[in-house]
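Line by line, the protein sequences are chains A and B. Residue 251 in our numbering sits at position 251 of the first sequence, with consecutive numbering throughout. So the number in our numbering is just where the residue sits in the second sequence, counting from 1, plus 1000.
Simulated from the structure, these hints should not be mistaken for laboratory data. Worth double-checking, as some hints may not be accurate.
Interface residues of chain B toward chain A, partial, derived using beta-carbon atoms under 8 Å [stated by the list, open to error]:
1. Tyr1039
2. Arg1183
3. Glu1196
4. Ala1200
5. Gln1357
6. Asp1360
7. Pro1361
8. Thr1364
No residue lacks a Cβ here, since even glycine has one placed at the ideal position from N, Cα and C.
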Amino acid sequence: MDLGWLVSTVSRALAFGVPLLWGTLGEIYAERSGVVNLGVEGMMILGAYAGFAVAQTLGHPGWGLLAAAAVGVVAAVWHAFLTVTLRANQYVSGLALTLFGLGLAGLLGRGWEGRPLRVPLGTITVPSLAEIPVLGPMLFVDQTILTYLGILLAVVLWVVLFRTRWGIAIRSVGESPATADSLGINVTVVRYLCVALGGLLAGVGGGYLSVAYRPSWTEGMTAGMGWIVIALTIFASWDPLQAIWGAFFFGALYHLSFRLQAYVSPELLKLMPYAFAILVLAVSGFGGARWRRRAPGSLGVPYVRGER
Amino acid sequence: MNMRKLVLVVAALTLVGLLGLGAEKIKAGFIYVGPIGDYGWTHAHDVARRIVDEKYDWLETVYIESVPEGEVETYIDQLVRQGCNVIFTTSFGFIDGTFAAAQRYPNVIFAHASGFKRAPNMATYMADFYQVYYLNGLMAGALTKTGKVGYVGAFPIPEVKRHISAFTIGVREVNPTAEVHVRWIYEWYNPAAAKEATEALIAEGCDVFAFTEDSPTVVQVAAERGLPSFGHYSPMYEFAPDYVVSGQLVHWEVIYDDFLVKIHEGIYTTRNLAHVDYWWLLAQGAVECAAVPAVVYCETACVSDTSCACCCGCCCEISPSMVVNPVYERALKDYTINHPAFGTISVYDLVFLRHNQFADPGITFDPFEGPVYDRKGNLVVPAGMWMSYDHLITMEWAAAGVAGPWPGEP
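Working from the sequences, and respecting the hints, build out all of it.
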């Protein structure tokens, strides 16, 4: 096997993994604060729609991505309002958000179907690094800025989560909101901020799809990526650094499911990425104490002061 | 409700049904499997619906989109209640529901796209692309420099396999050593899968692309790398004006027009459709080989067949169809081959020559004209023979020159 295989697989894994990485980083923060948001798919598709519509109208992909982020935040704050303030069931609210997002984006997107984006977010060639043999074409060409920003963001979010006071606040709210509350941490504010950040990143992930990855809008274009994000969050055991390789590993699997068709039955390959997701959930379920210990202790539980 | 009332109601309903058919006015209901904005199959049916609706005063149309295949009967009931006397169901999966409804509503005319079940009040219709794919294949064979042409397929079913084989036969006619590399995405619509499948083919050295998938993804991805491709189903020229060589376009309105006019004139009734099966190709104008169709239709008010030269100031205009993108005209004219039937000829001329043979009402050529061998070397069409309709719609073999997986290969 020549190096061409490796180069194209890694390169495609990075490009396909970007929306997964951004979405997963967001979901990690939301869940670290104790709020499950199953609305990732909905927030991503709304981001994809808003990103395309705004980029097309204003003529710059940057505005599109900003709009995608903003729409993601709005959708996420709605989820936070229902689950943190009104203490509604997080799973039901998240599912509702997904269905709502898919429906609304499909409806609003009617008139935008079938038109190419005039101003897509272009790929960049990193000066001089691209000249490195093998590594250059693998990592430093054909990527958009969001690939590198995503990796940088993962590192920053890891530092914040595990090396700063803010991180301690977020994690303690997710572990034991009552304790955090008694220490003077505002549980509501922390959860709102984390869920909103989750929406922002999911929105950008969706915007990447319509503004960069495949610069046009079509109904249902996220095609289940939001659910992969949920699985990757568990796979990464709520750790931003592990999300990096989780997302790119999944991207590689997805690319290989087409690349390997010449050698392996395409029906089996088609299952591969999803079988992997199920496997991750199974391992995390059985996988015993180590994995379970990593899950935030109060994940999915609304906090009411004075109750336990 | 007592028995007498029931009888009266049934009699009244039947009368209404009969009157409805006899009357001048036709109300046609369309049931779509996808959203009308899918830019593929359903979009094309809806464009056709609007064209015929606009054209005839005696015709009124309604539609229901995104109907799950198992629930088609409920929606047919709804359309019948709304007074539809002609109902089109436009997905293969609607086959049994439509057939059952045709039994329950003997006074309503049904037409089912892409199926094979018929009844006295139920016809079938299909506009097929295999001739067009062959023509596209001729061009692809001339344009590939690596000798590898990429094809992204939706599902490995006879329809798609027929198209890939016809395409491959075209490629090989002008470039006997070229291969068509196939990747399957197992979905009619999945842009991300189509993108990665295209990237995989590019990584393997393919440099010209055709596909079966309901989005312009393959065209966009190929264009990013500066590679030519062929549009599918809807005009995809504007997604990559420098890279869409030609494509497969459908004109369902030609079939709808013919069928509805014949109902209007009393030629088709609820009793004589058991053998009515439209299998329309280039000769009937139901499909077209072009990058851009003759008339560009607009999204809203501008839909009509002849006189819409900017009726509402939008994109509507009348222009001849662009069979071959001018960007590739030179390359196709310069690529000459020594053809067994026509001697020295450029691929450009060959495309139009073949096109005329297909368009001739007494079609004088078929891509699957024997002898045809499958890729395992078996003779599948004997010398001098053509494939029958039944063989065409059930074909599973891969033509010589197809590379890659072929689930269900005999």
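Supplied contact hint for threonine 1364/B, tested at 8 Å Cβ to chain A: 36 Å, violated
Glutamine 1357/B as chain A interface residue, shortest Cβ-Cβ below 8 Å: 33 Å, violated
Interface hint status, proline 1361/B versus chain A (Cβ within 8 Å): 33 Å, violated
Hint check: 8 Å Cβ-Cβ cutoff, tyrosine 1039/B to chain A: 4 Å, holds
Proposed interface contact between aspartate 1360/B and chain A, which counts if any beta carbon pair is under 8 Å: At about 33 Å, which exceeds the 8 Å cut-off, the nearest Cβ of chain A leaves the hint on aspartate 1360/B violated.
Closest C-beta approach of arginine 1183/B to chain A relative to 8 Å, hint status: Nearest chain A Cβ about 5 Å off; hint holds.
Hinted contact glutamate 1196/B with chain A - closest CB pair below 8 Å: Where the cut-off is 8 Å and the nearest Cβ of chain A is about 5 Å from glutamate 1196/B, the hint holds.
Status of the hint placing alanine 1200/B at chain A (closest C-beta pair under 8 Å): 4 Å, holds
Checked against the numbered hints listed earlier, the structure breaks hints 5, 6, 7 and 8; every other hint is satisfied.
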